[in-house]
Amino acid sequence: MFRKPVDLVGAAAFLAFMAALPLVFRSNYLIGVLTVSVIYGIWAVTWDFMSGLTGRENFGHSLFIGVGAYTAGFMNTTFGMPGWWSLPAAMVMAVLFALLIGLPTLRLKGPYFALAMLSGAVIMQRLMLIFWEHTGGEEGINGLTPLIRNQLGFYYFALATLAAITALLLALARSHWGLILRAIRGDEATCQAAGINVTFYKIASLTISAAFAGAGGAMYAHYQLQVSPQLFAVVTSITIITMVYVGGMASIYGPVGGAILLVLLTELLRNFGEWRLMVYSCVLIAILFFVPGGLVAPTWRRIKAARGWGP
Amino acid sequence: MNPLPVVLNATRRLRRPTLWTLAAVGAMLGFGLAAGEASAQAKTIRIGVPTAMQLQVGRDTQDAMKMAIDEVNAKGGVLGRKLEMVVADETENPETGISAIKKLTADEKVDVLIGGYTSGVTLAQLPHISAAKTIYLNVGSASPSTNAKVKTDYDNYKYIFRVGPINAAHQARQMTGFVSGFVKGELGLSKIAIVGENAKWVQDLVPLLKKGATDAGADVRTTEFFDSQTSDFSPLFSKVKDSGAQYMVVILSHASSDIFAKQWHDAQFPMPYGGIDVKSMDGDFCERIGAKSVGEMAANFAVRAPLTPKTIPFFDEFRKRTNRAPVYTAFGAYDAVHIYAEAVARAGSTDTDAVIKQLEKTSYVGVPGTIEFDDTHDVKPGTATYKGPSFLFAQWRDGCKREVVHPKELRTADFVYPSWIKK
Amino acid sequence: MLEILIVGAVSSAIYAMLAVGFTLIFGVARILNLAHGTFYALGAYGAYFFTSSFKLPLLLAALLAVALVAAFGIAVERVLIRPMRKSQLAMLMITLAVALVVEQALFLTFGSEYRNVPAFVDAKFTIGGVSIGGARLLALGVGVVLIGALWLFIQHTRMGSAILAISQDAEAAQYMGIPSDRIFALVMGISAALAAAAGVLAGPFLTVQPTMWLLPIVKAFAIVVVGGLGSIPGSILAALMLGYAETIVGYLISTSWTEIVSVAATLLMLVVRPAGFFGRRASF
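Protein chains in written order, with this note's numbering: chain C, 1 to 311; chain X, 1001 to 1423; chain S, 2001 to 2284.
Just chain C, with the same shape it has in the complex (with noise of 0.2 Å):
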């Protein structure tokens, strides 16, 4: 199944949009911001393609993050190899984290999964915390040298990466993976009578996510030129899950927008001084009980069927 044209077209504006911002608006600062959007919608839509379709909602999705950003540091400052190493290596180690935590925890659903993930962060961090001679610590590794010199060139290759994950994830999304996805979030014991192999269609759908969000966590340590154990935190994956909500679940581009949305939010808002968390949150609030469906998915179709442009 092909994308119809008009979400080609939409597609392309936006990334057009989003291409000529930091021409117009000439600031550093604000290239910095949308870089760092950029790659939490990396993060949101990984998320979107494992969770939002089968329904299994990850608490620990910065598991991977945190496992891609370590690989990076580490190869970069330990092993002094260059940064476009980093980034196969970090999808290397985020799927064999995604196996290691995914395994045993397959048949877990809900609430259950969801804690279950978290725990891995959780644990993860903590380690990082304890052998802090190995890993910085709470300070995390330092040093690392950027992937792509250029600010402008970063954003760019970073829109990019975005956009073919997008892409690639949206296919998988609208092919009969997808399908066989949405099935298993509908009735599982279904699927299986039917002679669908489950485990590994969850299990793939996993180590896809996994693979992309460490390639972002890779991305993020050469652009921030810092590894710190902040990135497993439990905060991490929450503000990963709001983004993918006020997007829109299950929609695959919709993260993209609410991930660059949130993040543009939180740093515009420092005129507000101290109470810029303040506002923030009570936005939040505002977008996530007044338009629970999610704001930029939902839009989007709305907008198509108002101008009759087709589903």
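Hint data in this document are derived by calculation from the structure and do not stem from the laboratory.
Note that the coordinates shown come from a computational prediction; the quantities given were computed from them, not determined experimentally.
Virtual Cβ for every residue (Gly too), placed ideally from N, Cα, C.
Check each hint, because a few of them may be wrong.
Heads up, simulated DSSO-like pairs for lysine-lysine below, C-alpha to C-alpha not over 30 Å straight-line [said to hold, decoys possible]: (1) X:Lys1211 <-> X:Lys1408; (2) X:Lys1401 <-> S:Lys2086; (3) X:Lys1075 <-> X:Lys1387; (4) X:Lys1401 <-> S:Lys2124; (5) C:Lys109 <-> S:Lys2124; (6) X:Lys1066 <-> X:Lys1361; (7) S:Lys2124 <-> X:Lys1320.
Which stretches of chain C does chain X cover? Using the computed rule of at least three CB atoms under 8 Å from a CB of chain X, they are [as the list claims (entries may be wrong)]: (8) 29 to 39; (9) 136 to 142; (10) 220 to 228; (11) 253 to 266; (12) 288 to 302.
Since the structure of chain C is provided, determine the placement of chains X and S on it from the hints.
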């Protein structure tokens, strides 16, 4: 006829929640983008302040800087230009810290950065400060690593200076002096326990402290680390008690010193404690825990005593303006503004390299002592002959008063054991 | 040894108070209330506020704090959560947002520094050679009493039966004429009150900071899942296990390892027996 249905019907599209929510969010973003366009007058010298705005250290940093800026501006500013302050919240999260630096340097285009608190955040910010080629005067983080690159990569990291506090390695040495000179020397207690929170600067400091103490003849019975999130110290106290120690040396910064003191008091723990306790530097620390820290000896960088001619006027003016006693970042922030202003005046311009050259030559009498920088741009600690900033160990007394007990030269009262310990 | 026994009991009691409220609201109303830790925080801050600003006597301040938090909980359920009942995740997200807003409100009102919640009993007691603070023993005692009272209420009153009925099958209960909306409100109030009481009792000797809501909710979540969602005896048992596991690890190894051990134990439990001790099924 009931007008309500008509109105409701007509306004149906307007009242759609999505529309309003989008409008509200758009307005917020617009406000942020628009107001962000800095209304910088070319005339003022802009000081960027990355600090943890919601914490006491952040509030005091800002208030102390405001004080210093007002003083400098009252005298006509620097090179005929007034000083101006722009604050950005760095929280305790490196991600927010990095974006704070970018906001201040790329967006607000400040001339200098003065601030800092958590070492982890400062370390994360360093490469971005270096890329922005902006001078950074650290007033709050103690990890020696922040200045390490100044020597090894001067061209890229010459921008980094630390005005306060003295770094963790110096602190370790001064703590060793406290343990050997006071705890063992004066009190005669040679069996000590070292208890520290799980922060990297503590972990760097403790081995130095242990070695120094042992060399001085003390017997370190046990060394315990605990998580800064710990809220129940009973297991820790139990271990320390069982180790046979007579004095508990603590190194606390982000940890819940309040609870630590409370639980120590409530359990009537059979040994006195003291050391580095950042929260205990707060003027209202003792009061806010119901006077349960009476007996604790905490290191302070300055108390309201004539350490230098500037100390007492600073404390009094700060108290007058804010009705609080200042925490340690305030001293650094206040001095940093003056140091920067004087360096710019000597350099004759705000050109970064020229100012750096002048900063390196700084010899400024500040609040805790004379401020001078070593070859890693790190503030030099006081010694027997040099009146740089040093630790003063003050003890909380009845009525929540503080008395300096160590070093002897600055002693205002003798040590007193906590009421339940018979000596 | 005795010290571990007593300190562990105190930890368990506080965890139990938090977990029981959390599992109750989940079992009855299917709400995963991430704002539960906020009730705990508000209880502690309420006690601080009424004693320091209004100079009320402690008992009055404590009761007032608990009552107000219960009312707040009921209001949140009615206004914010009920419209979201269609989606589990929606309810979870909105309770999270409530927790964030309250945290910021506490930051702005009380500042980031620790606040002193006065204790009912300041004295120190010695039991079998182990010295333990009065405030801790009180927390243990009151916790046991409150949970016991709740258990009796549920088992032996009509209202309690209504609660059990709703938790077993909400629709059928409604057919029988049980007003589910009112029961939800009641249960939310009880849950919030329990959490607030825990805050008032533990405030004197544990952290009181605006961020104090996060850790308790993560622990309560873990305890409740391990005990079996919706099961009060399960939560109590799991709370005991967690409280003692943490205390034992803290005393014998080091406090740095307590969290890992309890989290690892939770993970193990989930892998081995996902429904928890007394959970009915591992999904719903």
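Hints, one by one, checked against the model:
no., hint, verdict
1, X:Lys1211 <-> X:Lys1408, "holds, 23 Å"
2, X:Lys1401 <-> S:Lys2086, "violated, 58 Å"
3, X:Lys1075 <-> X:Lys1387, "holds, 28 Å"
4, X:Lys1401 <-> S:Lys2124, "holds, 25 Å"
5, C:Lys109 <-> S:Lys2124, "violated, 47 Å"
6, X:Lys1066 <-> X:Lys1361, "holds, 25 Å"
7, S:Lys2124 <-> X:Lys1320, "violated, 40 Å"
8, 29 to 39, "holds (count 5)"
9, 136 to 142, "holds (count 6)"
10, 220 to 228, "holds (count 4)"
11, 253 to 266, "holds (count 3)"
12, 288 to 302, "holds (count 6)"
The structure shown violates the earlier hints numbered 2, 5 and 7.
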